[in-house]
Amino acid sequence: MNQINVLFVCLGNICRSPMAEGIFKNVVEREGLAHHFNIDSAGTSTYHIGENPDIRAIETCGKKGVILRHKGKEFKATDLQQQHYILAMDKSNFANISRVFPDVPFPAKVLLMRDFDEEFKGKDVPDPYYGGMDGFSDVFEMLERSSYELLSYIRREHSI
Numbered sequence: 001m002n003q004i005n006v007l008f009v010c011l012g013n014i015c016r017s018p019m020a021e022g023i024f025k026n027v028v029e030r031e032g033l034a035h036h037f038n039i040d041s042a043g044t045s046t047y048h049i050g051e052n053p054d055i056r057a058i059e060t061c062g063k064k065g066v067i068l069r070h071k072g073k074e075f076k077a078t079d080l081q082q083q084h085y086i087l088a089m090d091k092s093n094f095a096n097i098s099r100v101f102p103d104v105p106f107p108a109k110v111l112l113m114r115d116f117d118e119e120f121k122g123k124d125v126p127d128p129y130y131g132g133m134d135g136f137s138d139v140f141e142m143l144e145r146s147s148y149e150l151l152s153y154i155r156r157e158h159s160i
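The sequence shown runs 1 to 160 under the working numbering.
Keep in mind that the hints are not guaranteed to be accurate.
[As the list claims (entries may be wrong)] Here are the in silico distance ranges between beta carbons for each label pair:
1. Pro105 / Ser137: 37 to 45 Å
2. Tyr148 / Arg69: 20 to 28 Å
3. Ser159 / Gln82: 34 to 42 Å
4. Arg155 / Gly131: 20 to 28 Å
5. His36 / Ile67: 27 to 35 Å
6. Gln3 / Ala77: 29 to 37 Å
7. Asn38 / Ser152: 17 to 25 Å
Hints listed in this document are in silico derivations from the structure and should not be mistaken for laboratory results.
Quick caveat: nothing in here was measured; it's all calculated off a predicted structure.
Note that the Cβ used here is the ideal one computed from N, Cα and C, for glycine as well.
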């Protein structure tokens, strides 16, 4: 079986999407399914290319046993063709993903991350960048809940 490519996308790729990447990797590893997945994250802007995740994201995840080893990178047209699932953190980035490359045909399923958060379907994962540590903790909880549901969805789609 080929690996399932999953990409998490936010604006700068230093808070929400690397947190989602790390959390989803952790969930997949706990379920013994890491060999089925290639998991990454990117940003729709070029603000933080090559940078480590925000220190608050690193600390929040670290307290929960999730290690972030990501360097910021830009979302590219090839991602639309190479990924199976692209998870946007909010409606703005969801729109950016399809608007940036309108002429690129793609097989990827582009979805909102919180469509996998049962109580909050269709809601945005708020950007914690301009807030304090509580915002990062809240985002962690949202992403973890959504990650379990996302994994269940992918398992059903791919019979794993």
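Do the hints match the structure? See the list:
no.: 1; hint: Pro105 / Ser137: 37 to 45 Å; verdict: 40 Å, holds
no.: 2; hint: Tyr148 / Arg69: 20 to 28 Å; verdict: 22 Å, holds
no.: 3; hint: Ser159 / Gln82: 34 to 42 Å; verdict: 22 Å, violated
no.: 4; hint: Arg155 / Gly131: 20 to 28 Å; verdict: 34 Å, violated
no.: 5; hint: His36 / Ile67: 27 to 35 Å; verdict: 20 Å, violated
no.: 6; hint: Gln3 / Ala77: 29 to 37 Å; verdict: 21 Å, violated
no.: 7; hint: Asn38 / Ser152: 17 to 25 Å; verdict: 19 Å, holds
Taken one by one, the earlier hints fail for this structure at numbers 3, 4, 5 and 6, listed in ascending order.
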